[in-house]
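Just so we're aligned, residue -12 is where the sequence shown starts under the working numbering, counting upward by one.
Worth flagging that the hints you see were computed from the coordinates, not collected in a lab.
Just so you know, even glycine gets a beta-carbon here, dropped at the ideal spot from N, CA and C.
Careful: at least some of the hints might be erroneous.
Claimed, not checked - Keeping only pairs whose Cα atoms sit at most 20 angstroms apart, straight-line, the calculated EDC-like set for lysine to aspartate or glutamate is:
hint, residue 1, residue 2
1, LYS318, ASP122
2, LYS228, GLU260
3, LYS241, ASP49
4, LYS268, ASP229
5, LYS228, GLU216
6, LYS181, ASP98
7, LYS181, ASP366
8, LYS241, GLU78
9, LYS162, ASP98
10, LYS162, ASP140
11, LYS241, ASP287
12, LYS197, GLU168
13, LYS313, ASP344
14, LYS313, ASP274
15, LYS197, GLU336
16, LYS233, GLU222
17, LYS181, ASP49
18, LYS241, ASP226
19, LYS91, GLU23
20, LYS233, GLU216
21, LYS181, ASP139
22, LYS228, ASP366
23, LYS318, ASP226
24, LYS241, GLU222
25, LYS73, ASP49
26, LYS161, GLU260
27, LYS73, GLU23
28, LYS39, ASP15
29, LYS228, GLU285
30, LYS233, GLU260
31, LYS161, GLU193
To be verified - Pair ranges (Cβ atoms, derived):
hint, residue 1, residue 2, range
32, GLU190, SER261, 37 to 43 angstroms
33, GLY30, ALA101, 20 to 26 angstroms
34, ALA236, GLY62, 42 to 48 angstroms
35, ALA306, PRO192, 42 to 48 angstroms
36, HIS342, SER261, 49 to 55 angstroms
37, GLY30, GLY224, 56 to 62 angstroms
38, GLU23, ALA297, 29 to 35 angstroms
39, HIS184, GLU260, 19 to 25 angstroms
40, ALA101, SER59, 39 to 45 angstroms
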Amino acid sequence: MNDSESSRSEDSSTLPPLPGSLAGNIGDPILLTNVELDGVAAGNARGGEMLKVWTRLAITSDDPAFHRIADSLAGVIRHHCNAVRKFVDVENTSTVLLIIRPDKTAELWMDTAAICLNILPRRDIQPGTAVFDSDIVDVTAMAFPLVNISADDKVVCLFRQGWRFGLYFDFNPKKGLSVDEFRRTLGSLYRNLKYRHIYDAVERPETFEKLIDAGWFPFAEIITTEFRELVQACEAGFDLKDVELKIVAAFDTKRLDRMLSRWLAQPHFASRESILRSAIKNFASNDPVAVIKIVLTEIDGVLNAAHRAAHGKGASRNALIEFAVKSAERKAGSPYTLLLPIAFARYLEARTFAHFDPVAGNGNASSRHAVGHGEAAADTYTNVAALQALLTLDQFAFSI
């Protein structure tokens, strides 16, 4: 990720402060003096030649340049620590945070600063309750809420997530440090590292096309739970039937009711409460025909209601898809959110809003056009297709 990419907005909101009575840093920083860092060379140059220098950069260990940059910065940190007789093991530290003040003093936090993630949760969460990976739909920011960071400071942050690393630094003395941008960029790096398998599945045409052909997408409700097993089966060339049956079985009454509650919390869903309740009830009763007939026609209504609320009028199918993409990007602050709005538009065009040929008789119950015209083959009205329709509708509850 280069300078311009690292500055993309990913969450328009700022992180809430942590209550001081509930949390604290687990240690103190190492205090350094005479720390000067103004940039990192982006290439080679002889004396007297022009040289490109990075003053702001976000990068992961997947990038070949990462290791040289990380080694160089680690060497600088060790040098300044040795000067104050502090001996540190940068390579075996999970999170390194260096804050350089305008007077060239610095604070070095080595796995001692409290860390906060800003997430989009799948369920209602109360203060003080445990949060699990399965609760997370998206990560929009990462912060050190109990470390004082100001616009006049320079920052370096190197952190580990699983078997990968993220690195961000900002030495730009003219623009100044945007603390919100710092948090958003760290969130983007964290998301890229932790959920790389999801991005890989979408970015590999051979995998993503197989998923779409089977009616699947990394829907928000399954993205950090059942989706990984779907991808593994798809990449192995296995029949998805066994995995699909497990996923359908996982949607018990409690989980379905939680989805319904999420929908009814939004006005463009709430006005359809009786209709949506009927869809949920029919899914629980193993009636996929009723579910598909209801949900695929209501998707248009939900999208149009959201569009009218935003723009004062309805729109065509293509305009609604574009609206859904832009809404997700705006809500999350980036097209690179785990809501995957651009990929979701591809899914909608290929499945939900797919055209059919009435002469060829190739209608499928995943297409609202084929369903609406009574041209979907009877054997395509399955519980799997019904769940996929529910998950498609549910995706809009997060993104519009």
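For each hint, the structure was consulted:
{"no.": "1", "hint": "LYS318 with ASP122", "in the structure": "18 angstroms, holds"}
{"no.": "2", "hint": "LYS228 with GLU260", "in the structure": "32 angstroms, violated"}
{"no.": "3", "hint": "LYS241 with ASP49", "in the structure": "40 angstroms, violated"}
{"no.": "4", "hint": "LYS268 with ASP229", "in the structure": "24 angstroms, violated"}
{"no.": "5", "hint": "LYS228 with GLU216", "in the structure": "12 angstroms, holds"}
{"no.": "6", "hint": "LYS181 with ASP98", "in the structure": "19 angstroms, holds"}
{"no.": "7", "hint": "LYS181 with ASP366", "in the structure": "39 angstroms, violated"}
{"no.": "8", "hint": "LYS241 with GLU78", "in the structure": "45 angstroms, violated"}
{"no.": "9", "hint": "LYS162 with ASP98", "in the structure": "29 angstroms, violated"}
{"no.": "10", "hint": "LYS162 with ASP140", "in the structure": "11 angstroms, holds"}
{"no.": "11", "hint": "LYS241 with ASP287", "in the structure": "26 angstroms, violated"}
{"no.": "12", "hint": "LYS197 with GLU168", "in the structure": "36 angstroms, violated"}
{"no.": "13", "hint": "LYS313 with ASP344", "in the structure": "30 angstroms, violated"}
{"no.": "14", "hint": "LYS313 with ASP274", "in the structure": "34 angstroms, violated"}
{"no.": "15", "hint": "LYS197 with GLU336", "in the structure": "15 angstroms, holds"}
{"no.": "16", "hint": "LYS233 with GLU222", "in the structure": "18 angstroms, holds"}
{"no.": "17", "hint": "LYS181 with ASP49", "in the structure": "13 angstroms, holds"}
{"no.": "18", "hint": "LYS241 with ASP226", "in the structure": "28 angstroms, violated"}
{"no.": "19", "hint": "LYS91 with GLU23", "in the structure": "6 angstroms, holds"}
{"no.": "20", "hint": "LYS233 with GLU216", "in the structure": "10 angstroms, holds"}
{"no.": "21", "hint": "LYS181 with ASP139", "in the structure": "31 angstroms, violated"}
{"no.": "22", "hint": "LYS228 with ASP366", "in the structure": "15 angstroms, holds"}
{"no.": "23", "hint": "LYS318 with ASP226", "in the structure": "36 angstroms, violated"}
{"no.": "24", "hint": "LYS241 with GLU222", "in the structure": "31 angstroms, violated"}
{"no.": "25", "hint": "LYS73 with ASP49", "in the structure": "31 angstroms, violated"}
{"no.": "26", "hint": "LYS161 with GLU260", "in the structure": "53 angstroms, violated"}
{"no.": "27", "hint": "LYS73 with GLU23", "in the structure": "18 angstroms, holds"}
{"no.": "28", "hint": "LYS39 with ASP15", "in the structure": "36 angstroms, violated"}
{"no.": "29", "hint": "LYS228 with GLU285", "in the structure": "27 angstroms, violated"}
{"no.": "30", "hint": "LYS233 with GLU260", "in the structure": "28 angstroms, violated"}
{"no.": "31", "hint": "LYS161 with GLU193", "in the structure": "45 angstroms, violated"}
{"no.": "32", "hint": "GLU190 with SER261: 37 to 43 angstroms", "in the structure": "41 angstroms, holds"}
{"no.": "33", "hint": "GLY30 with ALA101: 20 to 26 angstroms", "in the structure": "37 angstroms, violated"}
{"no.": "34", "hint": "ALA236 with GLY62: 42 to 48 angstroms", "in the structure": "54 angstroms, violated"}
{"no.": "35", "hint": "ALA306 with PRO192: 42 to 48 angstroms", "in the structure": "27 angstroms, violated"}
{"no.": "36", "hint": "HIS342 with SER261: 49 to 55 angstroms", "in the structure": "31 angstroms, violated"}
{"no.": "37", "hint": "GLY30 with GLY224: 56 to 62 angstroms", "in the structure": "43 angstroms, violated"}
{"no.": "38", "hint": "GLU23 with ALA297: 29 to 35 angstroms", "in the structure": "49 angstroms, violated"}
{"no.": "39", "hint": "HIS184 with GLU260: 19 to 25 angstroms", "in the structure": "36 angstroms, violated"}
{"no.": "40", "hint": "ALA101 with SER59: 39 to 45 angstroms", "in the structure": "28 angstroms, violated"}
In summary, the numbered hints that this structure violates are 2, 3, 4, 7, 8, 9, 11, 12, 13, 14, 18, 21, 23, 24, 25, 26, 28, 29, 30, 31, 33, 34, 35, 36, 37, 38, 39 and 40.
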